[in-house]
Each structure stands twice: as structure tokens, then as C-alpha cells.
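In case you want the letters, here they are:
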Amino acid sequence: MQDQPTASELVEAVADFIRNHAMPQLQGHAAFHARVAANALDIVKRELEVAPTANPDERRRLTDLLGHDGPLEELNSELCARIEAGEIGLDTPGLADHLWKTTLTKLAIDQPNYSGYRRALEESR
Amino acid sequence: MACPSISTRSWTERLSARGIEMGAEANPIAAPLAHVVRNRIAGATGVAGLKRLSGGASQETWSFDAITSGDPVQLILRRAPGGERAPSATAVPLETEARLIGLAGGVGVPVPTVRHILAPEDGLGHGFIMNRIAGETIARKILRDDEYANARPKLARQCGEILARLHNIDKASLPPLRTSPARAEIEQYLGVYKAHGHPHPVFDLALRWLKENAPPESTDHTLVHGDFRNGNLMIGPDGVRAVLDWELAHIGDPMEDLGWICVNSWRFGNIDQPVGGFGAREDMFEGYEAAGGAKVDPARVKFWEVLGTLKWGIMCTIMVTAFKSGADRSVERATIGRRSSETEIDLLRLLAPRAKEA
Numbered sequence: 001m002q003d004q005p006t007a008s009e010l011v012e013a014v015a016d017f018i019r020n021h022a023m024p025q026l027q028g029h030a031a032f033h034a035r036v037a038a039n040a041l042d043i044v045k046r047e048l049e050v051a052p053t054a055n056p057d058e059r060r061r062l063t064d065l066l067g068h069d070g071p072l073e074e075l076n077s078e079l080c081a082r083i084e085a086g087e088i089g090l091d092t093p094g095l096a097d098h099l100w101k102t103t104l105t106k107l108a109i110d111q112p113n114y115s116g117y118r119r120a121l122e123e124s125r
Numbered sequence: 126m127a128c129p130s131i132s133t134r135s136w137t138e139r140l141s142a143r144g145i146e147m148g149a150e151a152n153p154i155a156a157p158l159a160h161v162v163r164n165r166i167a168g169a170t171g172v173a174g175l176k177r178l179s180g181g182a183s184q185e186t187w188s189f190d191a192i193t194s195g196d197p198v199q200l201i202l203r204r205a206p207g208g209e210r211a212p213s214a215t216a217v218p219l220e221t222e223a224r225l226i227g228l229a230g231g232v233g234v235p236v237p238t239v240r241h242i243l244a245p246e247d248g249l250g251h252g253f254i255m256n257r258i259a260g261e262t263i264a265r266k267i268l269r270d271d272e273y274a275n276a277r278p279k280l281a282r283q284c285g286e287i288l289a290r291l292h293n294i295d296k297a298s299l300p301p302l303r304t305s306p307a308r309a310e311i312e313q314y315l316g317v318y319k320a321h322g323h324p325h326p327v328f329d330l331a332l333r334w335l336k337e338n339a340p341p342e343s344t345d346h347t348l349v350h351g352d353f354r355n356g357n358l359m360i361g362p363d364g365v366r367a368v369l370d371w372e373l374a375h376i377g378d379p380m381e382d383l384g385w386i387c388v389n390s391w392r393f394g395n396i397d398q399p400v401g402g403f404g405a406r407e408d409m410f411e412g413y414e415a416a417g418g419a420k421v422d423p424a425r426v427k428f429w430e431v432l433g434t435l436k437w438g439i440m441c442t443i444m445v446t447a448f449k450s451g452a453d454r455s456v457e458r459a460t461i462g463r464r465s466s467e468t469e470i471d472l473l474r475l476l477a478p479r480a481k482e483a
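Protein chains in written order, with my numbering: chain A, 1 to 125; chain B, 126 to 483.
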């Protein structure tokens, strides 16, 4: 167990520093890249908060779909190979649900303001 | 199969060229350009206001005025980087681009008039000089600014009309172009994706769907622009003023151009306006057929929208390769990799839509 503040809180503080203190003193390309940097830290913060529960959930779903457990990346690679080979498809129970859940998690971390993500959330209500 | 690495580089360069305005810099082309302009532009005595507009490695674009005894002539120079032609599996040579622009202008496609194709004795390498047209190419401005409010409702139909004319250009008149049928495009992007190595199950699902739904080999092929989308169209308050960026032109399924402009990434948030964020598919299809285009096949347009979405997603993931290799350590390049998930959700909405609960 690590001490306080949490990694997420530290990242948030740095993003806040870039946005509200550094950026106003920058111009042109430097200001643009500072904004990109702050956005990148927002991704890190969301991943720190979401991934610890979402990744084990994803691994459980993959274990069910593939019939065995393994490291997350290996399970994903196997799923890719089996989709490519036509062994698993949208008619396989659980695949569409798995891909939707996994992709919604990615968007919640990467780009929560993306139009396609916001629309998908509306459509699932 | 086309070499994935070459195609990847071409796209990487095109991405890095987007929207980057270069500042003033020492300018080795000023003297040879002034010489060319005096010889090739009627009445021109020199060059003023020379500045580079894009920082991409695949093309240089320079804006300048030719000084005359009357009004200055507003011009653009498009040139290969350093004047050298970079070999590429997907991008056409600049001389070909210039010829295509000329052919398109001849059939009523709005394009800038090409004033001069560079010759070896011009000392500027490969490229051409064309008229500079006033207008906006930044998609978000086109979709939001009041100045374009009257143009927006007309754009989808205009795009259809323009594409019909472009696709009807006599194939016998075209310069040599690569032919890229649907199956070749699928194989090409499959290769790029697999070379990258990171698993994206949604991409494999899309690739499988594309293979099962590819248009038959017998599909009629025409000239295809290859990058006809919001961002490559010069727009004025009156509508489309010019179709730009012809370097991905090829021979293929004409429905490719109609599908690519509908990819959600090019709607810039206006998700309910499928055509470039400004219009309806039906308006584009009507314009297309009214202007002499073939009967639109919406299923094939959807096929190309799916392939276009996947293509963009794969291009985002390979940005990570440039970042990890050390070729480009910028935060901007790194974060583009985290945008491939945008195309994954678009692909799922296209291929596995969830039933809306009452």
C-alpha cells in the first residue's frame, strides 16, 4: 500500500497545473501541446480509476468465451485469431455483449466526449 | 498485396500534415520560385508573401502572390518535400495530381486552376502551381460558423453532384493510377493491422464482416478521389468551392467516395448529419443520381463506410508505432493511439447495433 496522495490525485494536480498555470503563459504550438499533455493526463487518471475493476471483468468474460483463463493480452489475441478464423462471431452467445462492454470501457477512459460514445450510452438507456 | 509499411508511412505523413501552420523560416525556394513565376505566369515580375502552409513530410504546400503591374495573382505551390519524389504505394505523383485536377475541372468539378506543372529546368523538383481559392477547409468552422449557415444545407447534394461528375471522367483519359478493388483494400489494411501486433477484437470482427460483404469483383470501377471528406473541401458561403488533396486518387468502386465522407470521424460531433457532419445521405444520393452518377447502392456505401471507419482506426493505432520507435515522441502522436477506440464504437454501432429498449 502506497501513501497519500493517490496516483490519481497526483495526476489530477499536474493536469490542473498545466491547464490553469502553465498554459496561460504559453503561446502557439507550446500552448497547443500543453493542452494535449493535460488531456493525456486526464486519460491516465480515468484509467487509474476504471481499469482496476474493468480489466478483471474483461478477463472473466474472455475466460467464459474462450473456455480457459490466461493473461489479458493473450486472451485478447486468441479472441482476435478465433474471430478472424470465423470460429467466433456475432452469433456466438456473449460476444456482442463482451465487445460492447469492453469498448464502452475504453471510451470511458480514452474519449468520454466522443459523439459515438455519448450516442451509444443514450441508446443503451 | 501492397506493402503495408509504405502505405502506413504515407498515412502517417498525411496525419502529421493536418492543420499545422509553420512560422516564417529561411527559405531556399524563394529565388527559384521567383524565376519560375516570372517565366510562367503572364505579367508576373516577382513573388511576395511566400509562406509554408503545412508541415507534413509527404507534401509541401506554399502560399504566395505573383506580383504584376495590376492586382497580385494569388497562388499555391504544391511540391514534394525538398523537391524529391518519395516513392509510395498509395500516393500519386504530383504531376498526376495536377493532371487529375485539370481533368476534373474540365467536367465541372470545382477545383483550383493548375497554372504550371514544374519542369526539371525550373529547379524546384516535382510539383505544380495552382490558383489560391479563398474559402475554409477547417471542418469545425464549416460546421459551426454563421458564415456557412446558408451553405450547409446545400453541401450534401453538391457533394453528390461533384462525385457523379468525378466518377464519370472518361477512364481512357486518365493518367496511370493504381487499381484498388475492395478485396485489395481489405488485405492491405489487414496487413497494416497485423504488423502492428496489438489485439483489437472489434477490428477482427469488422475485417471478417468486410470479407463476407465485399462487393463482387465485377463491380464497375471508375476514378475514385480517395480522400473526399469534410476537411479536404474548400467551402465558401456559397457552397463547395474546390475539391482538394487528390494524392490518394485511384481506380476503384465509386461507392468508396460516398462511404468515406460518411465515416463518423469526419462528422466532427454532428453525428446525425452523416455526410461530413452537414447533411443527409439521401441528399447526397439524389444529387449523385441527378448529375448522371450510377444508381447508388446504399449497401455498398455502407460497406465503404465500415471499411473507412476501420481504416481510420488502424491508422490511429499505428501512430503508436511511430511513438514507440522513437521516430516521434510527441504527446500529440502518442495520444492519437487512444483515439482508435472511437472507431471501435462506431464499428460496433454499424455492425452490432443494440436494440433500443422501449
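Any given hint might turn out to be false.
As the list claims (entries may be wrong) - Taking lysine to aspartate or glutamate pairs in the EDC-like style, the calculated list, with each CA pair at most 16 Å apart, reads:
id : chain 1 : residue 1 : chain 2 : residue 2
1  : A       : K45       : A       : E84
2  : B       : K176      : B       : D196
3  : B       : K336      : B       : D190
4  : A       : K45       : A       : E9
5  : B       : K420      : B       : D345
6  : B       : K279      : B       : D190
7  : B       : K336      : A       : E9
8  : A       : K101      : A       : E123
9  : B       : K336      : A       : E84
10 : A       : K45       : A       : E78
11 : B       : K319      : A       : E84
12 : B       : K420      : B       : E407
13 : B       : K427      : B       : D363
14 : B       : K319      : A       : E78
15 : B       : K319      : A       : E58
16 : B       : K319      : A       : E73
17 : A       : K101      : A       : D42
18 : B       : K427      : B       : E457
What the hints contain is simulated information worked out from the structure, not anything from laboratory work.
Right, here's what the structure says about each hint:
no.: 1; hint: A/K45 with A/E84; result: 34 Å, violated
no.: 2; hint: B/K176 with B/D196; result: 19 Å, violated
no.: 3; hint: B/K336 with B/D190; result: 50 Å, violated
no.: 4; hint: A/K45 with A/E9; result: 8 Å, holds
no.: 5; hint: B/K420 with B/D345; result: 12 Å, holds
no.: 6; hint: B/K279 with B/D190; result: 32 Å, violated
no.: 7; hint: B/K336 with A/E9; result: 46 Å, violated
no.: 8; hint: A/K101 with A/E123; result: 14 Å, holds
no.: 9; hint: B/K336 with A/E84; result: 10 Å, holds
no.: 10; hint: A/K45 with A/E78; result: 29 Å, violated
no.: 11; hint: B/K319 with A/E84; result: 11 Å, holds
no.: 12; hint: B/K420 with B/E407; result: 12 Å, holds
no.: 13; hint: B/K427 with B/D363; result: 29 Å, violated
no.: 14; hint: B/K319 with A/E78; result: 13 Å, holds
no.: 15; hint: B/K319 with A/E58; result: 22 Å, violated
no.: 16; hint: B/K319 with A/E73; result: 15 Å, holds
no.: 17; hint: A/K101 with A/D42; result: 21 Å, violated
no.: 18; hint: B/K427 with B/E457; result: 31 Å, violated
Checked against the numbered hints given earlier, this structure breaks hints 1, 2, 3, 6, 7, 10, 13, 15, 17, 18; the rest are met.
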